[in-house]
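Here's the letter readout for the chains.
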Amino acid sequence: MDTKTLITEAKARFAHNSAKDYLKEKYDAKLLVAEQGGLWKADQETISFLTVMINDYDDRVVIMDTFQNPVLVDRSGLLTKLKDVYNSVMAEWYNEWTDLESKR
Amino acid sequence: MTRGVILFAFNSHKYNYYEMAKHAASRAKHFLNLPVTLVTDEDSMPAGEYEHWDKVVKINPDKNNVRDWGQWINKGRYLAYDLSPYEETILIDADYVINSDKLLKTFDIYDDFCCHDSVRFFMRQGNFPEPLSSNSYDDILWATVITFRKTQRAKQIFECLEMIQKNYEHYEQIHGFLNAGFRNDYALTLALRIVNGHTDNPRDFIPWNLMHVGTNTTIYPNNEGEFNTEYTIIFDNWQKLKIKKEYNVIKDMDFHLINKDLYARIIDNG
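Those protein sequences? They're chains A and B, same order as listed.
Once you know that position 87 of the first sequence is 87 in the numbering used here, the rest is easy, because the numbers rise by one and skip nothing.
Every number in the numbering used here is 104 more than the matching position in the second sequence, counting from 1.
This is chain A alone, in the form it adopts within the complex (with noise of 0.2 Å):
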């Protein structure tokens, strides 16, 4: 039996918040970043706070990672990396999100 017939008999509804919690279990996990000795999530935080810590003399800052440990990283290095990471996978996210969405 393939599955259409197989949720139609079972009359089974689609559990959309069942749904969206799934995609951000999924698409977190992949925003997970190991650089220059830290872990980082490549969310808007993040990236917001290296965009914002930009200085002319010293391209170096000191940021929390994700075990809550300083790491001393090269700022545009990591954020180049975070953008790339966060780009490539809120794209994925949100196609698989709008395929969801249409299931309403």
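Hints were generated in silico from the structure; no laboratory data involved.
Ideal placement from N, C-alpha and C gives every residue a C-beta, glycine not left out.
Think about it this way: if two alpha-carbon atoms lie no more than 30 Å apart in a straight line, the pair counts; the simulated DSS-like pairs of lysine-lysine are:
1. Lys355/B to Lys20/A
2. Lys20/A to Lys30/A
3. Lys24/A to Lys206/B
4. Lys118/B to Lys349/B
5. Lys118/B to Lys364/B
6. Lys259/B to Lys162/B
7. Lys83/A to Lys206/B
8. Lys348/B to Lys20/A
9. Lys344/B to Lys103/A
10. Lys81/A to Lys30/A
11. Lys133/B to Lys24/A
12. Lys118/B to Lys167/B
13. Lys364/B to Lys20/A
14. Lys103/A to Lys349/B
15. Lys209/B to Lys24/A
16. Lys167/B to Lys254/B
17. Lys4/A to Lys20/A
18. Lys159/B to Lys206/B
19. Lys103/A to Lys24/A
20. Lys206/B to Lys41/A
21. Lys83/A to Lys209/B
22. Lys209/B to Lys81/A
23. Lys364/B to Lys346/B
Not everything, but these chain B residues come out facing chain A in the computed CB check (under 10 Å):
24. Lys209
25. Phe211
26. Met357
The following label-pair restraints were derived from C-beta to C-beta distances:
27. Lys348/B to Lys4/A: 18 to 24 Å
28. Gln44/A to Glu273/B: 49 to 55 Å
29. Leu345/B to Tyr27/A: 33 to 39 Å
30. Asp59/A to Lys348/B: 53 to 59 Å
Since chain A is already given, all that's left is putting chain B on it; use the hints.
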């Protein structure tokens, strides 16, 4: 630096763990591109099956763990440290279904040992921490996935696992575990905390949840073929003494099957 996966599989009267491990091994090779070592016994592995494995180690397992549903040959996991031929190893349960390369990330994030400290169930809201015992504030750690490097500290953790297994009744009496019979999750929880001086080191924990396919939940592969990664999950949601069936579709996501009966459906698809 050599890396690989190690699996333990000992058939019980009820479940064919060897077949589960063989399925897990082919997926580990496909998605992680790592060699796989099997630890098993003469009774579990059929003849002429060596081609499926990079290395096979046969041992005489301790079969002295009987649960209400039957025999569960799950002891001896501490041997993974000595039996693994790799410098860095991912030890997974045979009923862990790999659908992505996510586990490779554990090599980047750990010091020398990591496992899951948090779990979620598909189709159910929130986390479901499981306490070690009725009189403990500690939640259990999960032995389903362990990544380790051969270091002195990792060795100590596995030696401690051995000590706890060999003196399990003593630890069971002290802690009053919620489930009877030997569980690797309990032994790991105690071993890691003992080695860490009864503190938690966040770097020992995999920074995402272990996803379970739990009770009242069935799972169906959406495509035929050995390396399908898309599944439909149907959940019997009990509300006011009625079942409301709900479903969701997942793809490219690893999971652990609590209900081993579901594994046959996944293997048959391959």
